[in-house]
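Using the sequences and the hints given, assemble the complete structure.
As given, the protein sequences belong to chains Z and R, one line each in that order.
Okay, so the first sequence: first residue is -13 according to the numbering used here, each after it adds one.
Okay, so the second sequence: first residue is 10 according to the numbering used here, each after it adds one.
No wet-lab data here; the hints were simulated from the structure.
Note that the structure is a prediction, hence the values are computed from the model and not measured.
Among the clues, some could well be false.
The calculated PhoX-like cross-link candidates involving lysine-lysine, where the alpha carbons are at most 20 Å apart (straight line), are [stated by the list, open to error]:
| id | chain 1 | residue 1 | chain 2 | residue 2 |
| --- | --- | --- | --- | --- |
| 1 | Z | 47 | Z | 74 |
| 2 | R | 87 | Z | 74 |
| 3 | Z | 313 | R | 87 |
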Amino acid sequence: MSDHHHLTVHEAHDLLKRKELSSIELTRDILERVSQTEERVKAYTSVTEEVALQQAEAADKRIAAGEAGPLTGIPMQLKDNMTTQGIKTTCSSRMLENFIPPYSATVTERLYGEGAVLLGKGNMDEFAMGSSTENSAFFPTHNPWGLDRVPGGSSGGPAAAVSAGECLFALGSDTGGSIRQPASFCSIVGLKPTYGLVSRYGLVAFASSLDQIGPMTKDVADAALVLQAIAGHDPLDSTSANRPAPDYGAALGRDIKGLKIGVPKEYFEGIDEDVGLVLQRAIDQLASLGAEIGEVSLPSTGSALAVYYIIAPSEASANLARYDGVKYGFSAPDVENVWEALLKTRQEGFGPEVKRRIMLGTYALSTGYYDAYYLKAQKVRTLIRREFEAAFEQYDALVTPTSPTLPFQLGEKLDDPVQMYMSDIDTIPVNIAGLPAISVPGGFLEGLPVGMQLIGPPFSEERLFSIAYAYEQSNGWHKLRPNLG
Amino acid sequence: MPLSREEVIHIATLCRIGMTDEEMDRIADQLSHILEQFKALDQVDTDDVPPTAQSIDTHSVFKEDASRPSLSQEETLKNAPMREGEFLRIKAVLED
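Spelled out as C-alpha cells, the structure:
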C-alpha cells in the first residue's frame, strides 16, 4: 500500500501539479486507507466513494488544463453538520438520520469550487454537543493514538480522520472548543476563526452566537490554505464579517522576534501536572524563538464554564425547536394527535445530552429565571470580553493549554456531565469573546498528545499562523503519525 | 436547591420532550447538579455591566428587495415525513 495517506495538503498539491500523482490515484489510495482503518477508528458517518471518484476525475481535468488551485484534487472530510446537497447530513442524530439536504453550505460550495474531493461526512457528538464524540447516536470514534481513548469532541470524527490519514484535511465546527480540543487530543492543527470570518450558512445551528467553522489539518501551512478557501463575506449569513480576507500563506515564516505573548495564569490552575510541564516546555520554546513572554491575569476565567453552559443551551433550546417531525427529520409513528407526535418525536429522536441541554436552556430562559441565569450570564460575558481586550492591549497573543487533561478513556466521563463539561474549560472563553484561537501539537506524554493553544484579538489569524508556524517548525511533533499499520 | 419533579415536568412540557418516570428522575438529578455549578456566577459583581448577546458589533443587515431563485416546492417538501400532494400532512390538532 502507498503511504500517500501521510501527505499534507501542500505536499499532495506539489505531486499533483508535477503530474507525479493524479487525484484519482490519491483518492483511491485514501479510500483504501479508510477501508483498512475505519473498523478501528470509526471517523465517518458515511463514505461518499462515488461522488469522490467523480470529483477526482473532474479535478484531474482541471489540473491537466493548468487550472489547479491548492485544494484541487485533495480528498477531504466534512463534519456531518455541514450540509451537502444530495448527501445525507445527520448531525450524528436519529433526528436527522435520513435527512438529505436540498442545498449545500457555503463552505461546501467554496471547497467544491476549489476542486476539493469529498470522501464523506465526519462523526460527531450529536448536534455538536459533547467533548468526546461518545454522544454520537451511531457509534463513538476512537483516538488513533490510543484506540481505547476518546478523540475529543465534538469534531472527533474529523480530528481522528485527519490524524489517521483517512483524509488529507477536514472542516470542523467549534462552539466551545469542538475544533481545538479534538485537534489537541489527536495531535493535529485546529483553528477556530474569529466569529464572523467564515460563513455559517448551511451549518446546522447549535448556539448561533458562538458557532464557527474552521480547518482541521496536519500542519499550520495546510490550515492557512484551507482557511483561505473558506473565509470571506457571505451575504447569506447576516453575521458574516464584510471585510476582505488577507493572504494567510504570507504569514508563514514571518519572524516572531519581539512579539509579546501573555501566559494567563488562570489557565494553568487545576490542570494535569504533566500537561503543565509540557506546556512550560512549549512556552520556553516560544521564548527561544524570540517572543517576549509575560504573565497576565484573566480573573473571570473561572466563570466562563457557567456562562457557556447557560448561553449555549439557551440558544440551542431555541434552535432545536425546529425539530418537530413535520417538515423533515424523524417523526414518531403510531401517535394519536399532533401534541403526542411532538412529544414522542423529540423523546425518541434526541439523545440524552441533547435533551439535557434543551431542558437546561428552556429553564434558563423561562419566566422567573431569565434574569438570574440568562441575563446574568450575558453580563459576565461582557466582563470576559473586556478582560481579553485589556490583555491584548499589552500582548499580541496568549498561550494556554488546549485541554486540561490528556485524551481520556472511552466511557470515563460519560456518566458525569459536569466532568465532561470541564474538558472544555480552556477553550470556552474564546467562543464567549468571539476570538480566533489555534491548537497546535505541543508534544506527547506516555504516547498521548498534548496541544498548545494560541489566542489572538479579533481577526488576528495571520499573527496566530506566524507564531504557530514558527513553533511548529522548531519541533517535529506535527510530523509524527499514529501507528495503525 | 434541587429541581422538583413538578419543575422538571413543567420544563419538559415547555420544550415538548416526552419522558418516562425513570428519565424524569435521572434528569432532575443531573440538572440540579449542573445548576449547582452556576452558583459561581452569584459571586460576580455585574452592577452597571451591560449584557453581551453577540461578540461582533451587531447591526441590521439589509438586502435589496429583489426576487432571486429559490428551492422548488418539490425540493422543499422532499424530506417531509408525511405529505399529501403539495401539502405537509400532520396529525389532528383539535380533538373531536
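Hint check results:
1. 47/Z with 74/Z: With a Cα-Cα distance of about 27 Å, the restraint between residue 47/Z and residue 74/Z is violated, given a limit of 20 Å.
2. 87/R with 74/Z: holds, 13 Å
3. 313/Z with 87/R: Holds. Residue 313/Z to residue 87/R sits at ~9 Å (cutoff 20 Å).
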